[in-house]
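The primary structure of each chain is shown beneath.
6 protein chains.
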Amino acid sequence: MSGIVVQNIQRAEASVIDGLARCGVATVHEAQGRTGLLASHMRPIYAGARIAGSAVTISAPPGDNWMVHVAIEQLKEGDILVLAPTSPCEDGYFGDLLATSAIARGCRGLVIDAGVRDVRDLTEMSFPVWSKAVFAQGTVKATLGSVNVPVVCAGAAIQPGDVIIADDDGVCVVPRANAAAVLEKAQTREAAETAKRTRLAAGELGLDIYDMRGKLATMGLKYV
Amino acid sequence: MSGIVVQNIQRAEASVIDGLARCGVATVHEAQGRTGLLASHMRPIYAGARIAGSAVTISAPPGDNWMVHVAIEQLKEGDILVLAPTSPCEDGYFGDLLATSAIARGCRGLVIDAGVRDVRDLTEMSFPVWSKAVFAQGTVKATLGSVNVPVVCAGAAIQPGDVIIADDDGVCVVPRANAAAVLEKAQTREAAETAKRTRLAAGELGLDIYDMRGKLATMGLKYV
Amino acid sequence: MSGIVVQNIQRAEASVIDGLARCGVATVHEAQGRTGLLASHMRPIYAGARIAGSAVTISAPPGDNWMVHVAIEQLKEGDILVLAPTSPCEDGYFGDLLATSAIARGCRGLVIDAGVRDVRDLTEMSFPVWSKAVFAQGTVKATLGSVNVPVVCAGAAIQPGDVIIADDDGVCVVPRANAAAVLEKAQTREAAETAKRTRLAAGELGLDIYDMRGKLATMGLKYV
Amino acid sequence: MSGIVVQNIQRAEASVIDGLARCGVATVHEAQGRTGLLASHMRPIYAGARIAGSAVTISAPPGDNWMVHVAIEQLKEGDILVLAPTSPCEDGYFGDLLATSAIARGCRGLVIDAGVRDVRDLTEMSFPVWSKAVFAQGTVKATLGSVNVPVVCAGAAIQPGDVIIADDDGVCVVPRANAAAVLEKAQTREAAETAKRTRLAAGELGLDIYDMRGKLATMGLKYV
Amino acid sequence: MSGIVVQNIQRAEASVIDGLARCGVATVHEAQGRTGLLASHMRPIYAGARIAGSAVTISAPPGDNWMVHVAIEQLKEGDILVLAPTSPCEDGYFGDLLATSAIARGCRGLVIDAGVRDVRDLTEMSFPVWSKAVFAQGTVKATLGSVNVPVVCAGAAIQPGDVIIADDDGVCVVPRANAAAVLEKAQTREAAETAKRTRLAAGELGLDIYDMRGKLATMGLKYV
Amino acid sequence: MSGIVVQNIQRAEASVIDGLARCGVATVHEAQGRTGLLASHMRPIYAGARIAGSAVTISAPPGDNWMVHVAIEQLKEGDILVLAPTSPCEDGYFGDLLATSAIARGCRGLVIDAGVRDVRDLTEMSFPVWSKAVFAQGTVKATLGSVNVPVVCAGAAIQPGDVIIADDDGVCVVPRANAAAVLEKAQTREAAETAKRTRLAAGELGLDIYDMRGKLATMGLKYV
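Each protein sequence line maps, in turn, to chains E, B, C, P, F and R. Anchor point for the first sequence: position 10 equals 9 in numbering that gives the first Met the number 0, and the numbering is continuous, going up by one each time. Anchor point for the second sequence: position 183 equals 182 in numbering that gives the first Met the number 0, and the numbering is continuous, going up by one each time. Anchor point for the third sequence: position 153 equals 152 in numbering that gives the first Met the number 0, and the numbering is continuous, going up by one each time. Anchor point for the fourth sequence: position 88 equals 87 in numbering that gives the first Met the number 0, and the numbering is continuous, going up by one each time. Anchor point for the fifth sequence: position 206 equals 205 in numbering that gives the first Met the number 0, and the numbering is continuous, going up by one each time. Anchor point for the sixth sequence: position 223 equals 222 in numbering that gives the first Met the number 0, and the numbering is continuous, going up by one each time.
Just chain E, with the same shape it has in the complex (with noise of 0.2 angstroms):
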C-alpha cells in the first residue's frame, strides 16, 4: 500500500484559501460544524504564525524521512507538507535545509505528527511548524512511504489538497469540496462576532444577548 507518489492532486482557489487563513482556526473549526480539528498535542514551535495552504500528504515510516525529498519535489506555490508516521515517532524528521528546500518551492510550512528540530533557524527563517515534538533524533533514508495519499494526522483525515489552516490554536483541515461553503460561514460568523463583541465589551452579558435566562429557568438552575 507503500510506495505510491499521487502528482496531480486538485486544489482549492488561493482566495479562498486565504480567506481562511485570515479567519483562523477556532472560526474555521465553528464554522465547518466543529469537525476538521487536529489534535491538541500539535503545537506551533513560535507563536504568531497564521497560515493557510494546500495539503501535500507524507505517509512516512518510524525515523524515516525519505518521502520529505520525494514530497518536496510535489510542493506547489502556496502549499503546505503534512506528515503522518505510519507509526508513533517524535524524531526529528525536518530541519533546516528540507526548509529551506521547501520554502524555495513555495511552501508556505509543516505540519508533522513526530518530530522537527533546528527549530531556532526555522523561527529566523519565519518557517512555522506544527509538530508533536521538538526533537533533534535524526532519521534515515532507507524505506518507502506514499506522497499524496489520504492519510490520518494527529486525530484528523486528511486528503491530498485539502485545506490546512494553522494559527496558534493549532490546526484545522477544511475538505477541498467544502473550502468556499466554509469561508463564507467563517466570514458570516466573524462578521456575527464583531458586533457581539462591541456588546460585551460595553458590559452587556452573554445571558442576555444570548438570551440564556429562561432556559437556564427551565432546567432548574437556582441562585442562593
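To be clear, the hints were calculated from the coordinates, so they are not data collected in a lab. This one's a predicted model, so the numbers in the text were calculated from it and none came from an experiment. Errors might be hidden in some of the hints.
You can't tell identical chains apart in this list, so a pair holds if it fits in one copy or across any two.
[To be verified] DSS-like cross-link-like pairs, simulated, lysine-lysine; straight-line CA separation at most 30 angstroms:
1) K75 to K140
2) K140 to K195
3) K184 to K214
4) K195 to K75
5) K221 to K184
6) K184 to K195
7) K214 to K140
8) K140 to K221
9) K184 to K140
10) K221 to K75
11) K75 to K184
12) K214 to K75
Fit chains B, C, P, F and R to the given chain E structure using the hints.
Showing chains B, C, P, F and R alone in chain E's frame:
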C-alpha cells in the same frame, strides 16, 4: 448536586491580594507551608503575566461552557475565573468573546483545567490564561453545572473567594481566611531572600550560609 | 551507593566545548552517529539560548535538593549542572537563589530531569534551564545523594565532565574523550551543509543533490 | 501544616459501608450525582476485588513512606488507607510487610496516588490496592507528613472517615455525612436497573424504554 | 454535520469476517500492508477475547452517550459498536445495561476511544470491550451525534460496515471492500508461518531461514 | 557507532542468577542500594512470571527489528533479550515466531522499551515479556543496529551480561560484577523480613519494631 449559583461570596482584602501577586507563586507557596499548588500541567498562554485575584469557581460538564456565561455575571473587579470540568476534558471552553465580556466585568484572568482558544487574541488583549491545553474544539450549552461551589482544579481544592496567584511558575491557591497571614510570611521570606541573594551573588556558598557542612558529614557524605 | 562527592573531574578543552556550542544540538548529535540525545521532554524555559559546558552531575532523591548546594561548590567556570532524580519527580529543585549562586561560580546553565521554578527571574538573569517541568513545588534537605557520579538523565548516560550541548532543539551529551573528534566531524558537516543550503535555496531538489531517484525506483516507488 | 496525626476520626455505620460495597463504584457514583470519582489512572493491582471502608488518610512527602507506619496505628477494623503524595510521585511506598501489618489492624485495602510494590505477594494475600503505578522504587523515612487530615487524592477531595468504595471500575469517595442517603439512592437505582435489565435482555430498546424518540426528533435527528 | 443516522449499511460476508477473527489482529494487520491499526492505548478489559465484526460507528459528543442508544437499534447479528468521541474524553459511555441491550441485538463487542464502566459485569457477561480507559464517570443525554458515519477512532479511519478485528494485541480495521482479499493473504501468511515456526522451534535461525547474512554483511555489520 | 555484534560476553554464575530470581525485583533493588530499576512503564504481558537471566542487549532503530534476528544467534541458555530503541517507539518488534526461535536458543524472556505483539500466543507459550506497549504494528528490516553493546533501556544503563531480574513489580538490572554480593545482601534482607513479617502479622507496629516514636517526636509530630 449541580445547578447552583452562589451569589454572595466573600473575598480577601484587595491590598492583601495585590501583595500576594507581587510575591509570586513560588514564594507564596513556600510561605504557606508548600501547599496549594495546582498541577504543573497548568501553563500560561504567554510568558510574563503575574496576577492575583479572588476565585469565582465554575464546575462545568465536559465540553459544555454554558456556566461560563453564568459565572461572568458573578464577577467583581479583581476576580479570577477558575474552571474545573467534572471529568477530564481539553475542549476550548473560552475564547476572545468571553474574554471581552470578562474584562468588561473586571476579571483579571482565567485558570482552567481544560482548553482555551483564540490565544493570539487573548495575548493581544493581555488577558492571561493558565490552562491544561490550547485547543480550538468548541463546546455546547446543554447541561447545567454550578458557579461558586467548592471545586478541585488541577489537583488543588479551591473554595469560591480563595485567593489565586498565577505567574510563569504556575498557579497557587491561598484559602481566603489565611491570606493576610500568608502575605506576611511571604514578605518576610522575600526580605530574607534579598539578603541571601546578595551573599550568594558574591560567591558565598549555601553550604556555609545555611551551615550545612556539619549535618552533611554526620549523615555520611564523603568527598573523594 | 549514594553520599559521594567526586571533587576532581576531568573536563574537555574549553575551545572544543565552545566549538560544540556553536554547532548546536542537531549537528553535534548527527556528528556523533545519532547518539547522546536526552528525551524530548527536556524543554528550555526560554527560547534562544545555545550553550555547551562540562557536566557536573547530581544524583538526587525525589523532592530533595540538598545535593544542589553540594554540587555548586564543585562548579568551575564553564560548567553545566545536570540533575537526575533517583525516581521520577517534577518538583522545583532550583530557583533564582540557587541560580544566583551557580552564576557566581561560573555556571552556564542547568539540565534537570525534574522541575524548576522562578522561571521569570531566571529568564531575566539569562540563566538557561532545560527541564521536564516548570513547577513551584518546594523540596526538602533531608537525604543524601551524590555529586559527580555517572547518571542516566532523561534517558541518556552521562559521566561527570562529559560535554553537554543545549539549545532550542533540546540537550545532547558528548563523552569527554570524544569531544574533539566530534567537533571536527560537526564542523565538516556544517561546511557541507552550507553548500547544500545554497543549492537547495536555488530550487535544486534533494532528490537530485543526493542522487536518490535511482534507488527510489529500484525500491519500487511509483509515480501516478 | 504537616506533622499532625488526628487520632479520633468519625466513621460511617458499618452496615452502610458494607451496603455501599455491594453497590459498587459506578452505581454509587451515579447515586451521589456523579461526583466523588478518583481519576481513571487509579487501577487495581488485580481484578475482582470490591471493597468499601472508612478513609484513614495520609499526606506524605514524595518518596517518603514514614507516615504509613504512623497511619497503621490509627487503623480500625474496616478501614482503608488513602495516601496522597504532596507532589506527583510513583515510588513504591507500600509492599508486603506493610500489608501484613495493615491486615493485622483490620485494614481492607489501600488507595494510593503513587506506586506500590510486591504486587504478587499482595495478590496472594488478597490485599487489594488501587494505585497510579506498580513500581519497586523504595522510599526513605526522613520527613514528616500528616495522618487523618483532608487530602486531594487523584483529583478527589477526601476527608478522614469518608467512605471509600473501590472495585474494577476504580475508586469513589462518599462524604461520611451523606453515606446513608447515598446508599439509599444507590439501592433504589439498583432495583430500577434490574427491571430495565430484564427488558433490555428481551430485546426492547433503550429508545423506547426511556421514551427518547420524540426528543431526538425534536432535536433534529435524521434517519437516512 | 451531526444528527444523522445511516440505516442501511453494507457488511462483509460473515464467513470472511469469521475467518479474519481466526487470524487475529497481528496477522491481519501484516496481511493488509501494515495498515489499519488503532492506537496502542486501546486495551481490552479482559484477556483472551478474539472477535471480528462489522463496524456500527458512533460519533458522540464528549460525555454524552445518547447516540449509543440510537446505534443499538441499528445493530445486526455479528456487529461491533465503534465509538469515537468528537473530542478527547475518557468518560464511561457504556456499562452493563447497554451491554445487555447490545447483546440482545447480536452485538459482539465494543471498541471505544473513551471510557467504559461496570467492567466486572461485562467480564462476567463475556462482552469484550477495547477502550482508552476504565472510568465510572457517567454521561448525559443532551446533544446529538451521528450513527454510521465515517469516523477516526484512535487514529484509524473507519467506515460503517468495515470489518473490525480485536484481540489481546489491540484493534485493527479492514475496509469492507478489501476484506476477502485480506483474508486470503492472511491465511497464506499463516500457512507460511506454520512452516517457519517448526523450523525455528528446531533451533534454525531466522538469519538462515530468511537468508539475511549476506545482506547484513553488505550493510557493514561487524562481529567482534 | 552501530553495526556491531559483540559475540563473547561474560555472564554471572548461574546459581547467582537463579538466586536473584527467587528474591524478586523489590528485594534485589533494595539490596543494591535502591538502584537499577527500569521505569514503571515496563509492564509484564501476563501476571505471575518471575525470572532472572543474563542480558543480551539490542540497540535497534525505531520500527526495525532486524537486529533481533542477529541477537538470537548470540543467546545462550538462561539469557534474557533486552531491546532499547534508539529513539522512542512502541512498534511490535517481537511476536510468537521470534519467541519460538528465542526459546529454542534457551532464552528466558524479553525486556523491551517498545512494543510486543502476539501476546496471547506468548502467554500460552509461557514466554514472559516486559514492555512499554502491546502493539501489533509491524517493523521492517532495513537498517543496522548493534548487539551486546551498552544501552540505556527505560532509564537504566545496562551492559551486556548484566543480570536482569523481572517480575510483577517490574524490571531491575544488577551489574554482573556485583551480582554475587547483591544476592548475599538480598538473602540477608529476606531473612530479616521473615522475622519482621511474623511480628507485624501478630499486630506489633512498625513504629515499635523500628523504634520510630522517639525520632518522630523529635521531628515534631503531633498527635491531636
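Results of checking the hints against the structure:
no., hint, in the structure
1, K75 to K140, "within (24 angstroms within a copy, 34 angstroms between copies)"
2, K140 to K195, "between (53 angstroms within a copy, 17 angstroms between copies)"
3, K184 to K214, "both (27 angstroms within a copy, 28 angstroms between copies)"
4, K195 to K75, "between (39 angstroms within a copy, 21 angstroms between copies)"
5, K221 to K184, "between (36 angstroms within a copy, 22 angstroms between copies)"
6, K184 to K195, "within (16 angstroms within a copy, 45 angstroms between copies)"
7, K214 to K140, "between (60 angstroms within a copy, 10 angstroms between copies)"
8, K140 to K221, "between (64 angstroms within a copy, 17 angstroms between copies)"
9, K184 to K140, "between (43 angstroms within a copy, 21 angstroms between copies)"
10, K221 to K75, "between (58 angstroms within a copy, 20 angstroms between copies)"
11, K75 to K184, "within (27 angstroms within a copy, 36 angstroms between copies)"
12, K214 to K75, "between (51 angstroms within a copy, 25 angstroms between copies)"
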